[in-house]
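Peer 1: This is what each chain is made of:
Protein chains: 2
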Amino acid sequence: MNNNNIERELEELRYRIDVLDDRLVSLLAERKKLVEEVMQLKKKYHLPVYHPAREENLISRRRQQGSDEGFDPDFIEELFRLILRQSRVSQSRQLSRKAVKPGAGVLLVGGSGEMGRYFHHWFRDAGYRVSVLERHDWDRVESLCRNIDLVLVGVPIEKTEEVIRNLGPCLPPEALLADITSIKEAPLQAMLEAHQGPVVGLHPLFGPGTSTMDKQIIVTTPGRMPEKSQWLIEQLNAWGAITVTADAREHDEIMTYVQALRHFATFGFGRFLYQQQVDIFKSLEFSSPIYRLELGMVGRLFAQDPGLYAEIIFATPERRKLLKSYIASLTEQLDLLDKADKEEFTREFDRIAAWFGTFGDQAMRESSYLIDKLIERF
Amino acid sequence: MNNNNIERELEELRYRIDVLDDRLVSLLAERKKLVEEVMQLKKKYHLPVYHPAREENLISRRRQQGSDEGFDPDFIEELFRLILRQSRVSQSRQLSRKAVKPGAGVLLVGGSGEMGRYFHHWFRDAGYRVSVLERHDWDRVESLCRNIDLVLVGVPIEKTEEVIRNLGPCLPPEALLADITSIKEAPLQAMLEAHQGPVVGLHPLFGPGTSTMDKQIIVTTPGRMPEKSQWLIEQLNAWGAITVTADAREHDEIMTYVQALRHFATFGFGRFLYQQQVDIFKSLEFSSPIYRLELGMVGRLFAQDPGLYAEIIFATPERRKLLKSYIASLTEQLDLLDKADKEEFTREFDRIAAWFGTFGDQAMRESSYLIDKLIERF
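Residue numbers (our numbering), protein chains in the order written: chain A, 27 to 404; chain B, 27 to 404.
Simulated from the structure, these hints should not be mistaken for lab results.
Worth double-checking, as some hints may not be accurate.
Chain copies aren't distinguished; within one or between two, either way the pair holds.
[What the hints assert, rightly or not] Subject to a maximum C-alpha distance of 25 Å in a straight line, what follows is the list of computed DSS-like cross-link-like pairs (lysine-lysine):
no. : residue 1 : residue 2
1   : Lys365    : Lys185
2   : Lys254    : Lys124
3   : Lys368    : Lys185
Given the sequences, and given the hints that come with them, work out the whole structure.
Peer 2: What follows is the structure, given as structure tokens:
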């Protein structure tokens, strides 16, 4: 076959593939219409959007069919998870416009901060009456608090307790008082002291850059009269968030590791790269996807608001003490480096690996999946 | 409408969705057949698998169609990237069975190590004559080296130079000598001294757990007679790997950061979690996807071979010195913690953020994409 003929044959095959792809997208559009009908029904009869058993059932049938047709079933699963998520997100987006407590009054204290504006947008779009109390609004605090059903405090950690104390006397007794501070014990205590009505602590574990709340986690720490905060929890769930209840002290302890230690370690790593003037882009040329992923985590931190990180890292004296222990723990390893003691390194490695236990396998599986995603996309 | 009727209507809609999904998978199977025809043609006429312009063209047409049908075009792009990648991987897998230098003899020195076995499998499947030289095979080294076209050295760093020196006198003068050590300067020098024929250094930036070489990076450091190593580079490319040429010294410098510093920092972080006996699974319950991702990187390290990491971390005295500077750099921050000096933290943060420059935005974009993937899947 000469070059022209090969090219013509290739063109013919490509044309047939294009026709097929066109049909694929049309089918997806038909699918979307059916899903919208399902959504209208669910909306009308207040049924939940997400139906895990239905999803798993759908996935396993498609895996089976995919396998029969000679596909890697993981590929088919991934494809359908993508389709299902897209339809879930668009369903949530439409349902989210419906308020659980329509017309209720929401006062955002510190509402022009980044997280404040985030929640402002969600509450407003769902049809709540939203107002904002900022530093310069304290002279009209009484009028702002009138007829309010929910007061949500989102101010810097070091001001939280004081703001709560000042708010207390102005609140309607029935109003729900809540905060979104990243530590929970002290603010919750302050809210219980300042207000006699219902109280709940919230910690949204995501930043203001998150476009959807789908499957994002919000920790709730119960304060008083939980039945009176139920509507708020339901509203957050309706927006797609997963709420996890925790004791305030337990929450703060875990967050020391989940947030403070981790951010501090990332900060210290980025700072060292800067001190050494490492050529970041050059290093990316020579890098495995996993390095790209890890360096991405460092770059991500420095692309965000330093104030947010300063708050988290320096929140309490206990936190700062723990971070010092972290530095001390690294210092213990100077000796290992001096002696180039590979044997001791390996023994210590094995002890830690044994302690991580089954998490190691899970981490391998999840991170391998993400590395594939990274390769696929960039 | 009563509950039974709602349920019946939902069932009817779900049935129609299932029928549609069945057609979707059938269409994909038809698509696969067409792609296989394309591949047969390409294989027969030695055309490249990957055709970037064709892919981008296909993607932008589907984005347009998706948009017209009311979809988020990013969703449609993602879907088609997934489909295209799957077909590219399966094409590469079939093409990889074809050797660039059919029947050539490959001797893997240290072939029963993890990376050795990895390459053994690839060379053998492509139809090369593969043999292995292990520690106990030195009495028959002469016969093993006879009629060999490529000798690939993959032994622990501290033995690499000695092994190369011992091999030298036994090699056919025309044989290509290469290594896969994670440092390059010293081994390359040793190869050039031990052998008068063609020499090239390789550093595959991935572990033996990587199922496909698709888009994985292999650094090549030229030694002598590059035209004689061209077939090997082409073979690695045919398997899907991207080869990046670098000077051996430059490679080693960058790897100090890309590998040694990063692994050491991750090791130190995991070690501290172990010392503090942090409840990993509890912490995951309360965690944002990004924490899950970062902790996953730590878990991933400890799920792998400590020997590999010990090698990388302790490779050279310069590396160990740099790691000590890293600890010293963290120690500088004790003062900041003692004084809870948020202002200085913020100033330092801003300096580093400015230095990271545009990488920050790129990192945000990439990591946000991966976080979405993580939410979707787990």
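Peer 1: Quick one: Lys365 to Lys185, C-alpha cut-off 25 Å, is that within a copy, between copies, both, or neither?
Peer 2: between (49 Å within a copy, 19 Å between copies)
Peer 1: For Lys254 vs Lys124, is the C-alpha pair at or below 25 Å within one copy, between two copies, both, or neither?
Peer 2: within (19 Å within a copy, 69 Å between copies)
Peer 1: Please work out whether the CA atoms of Lys368 and Lys185 approach to 25 Å or closer within one copy, between two copies, in both situations, or in neither?
Peer 2: between (49 Å within a copy, 15 Å between copies)
Checked against the numbered hints listed earlier, the structure breaks none of them; every hint is satisfied.
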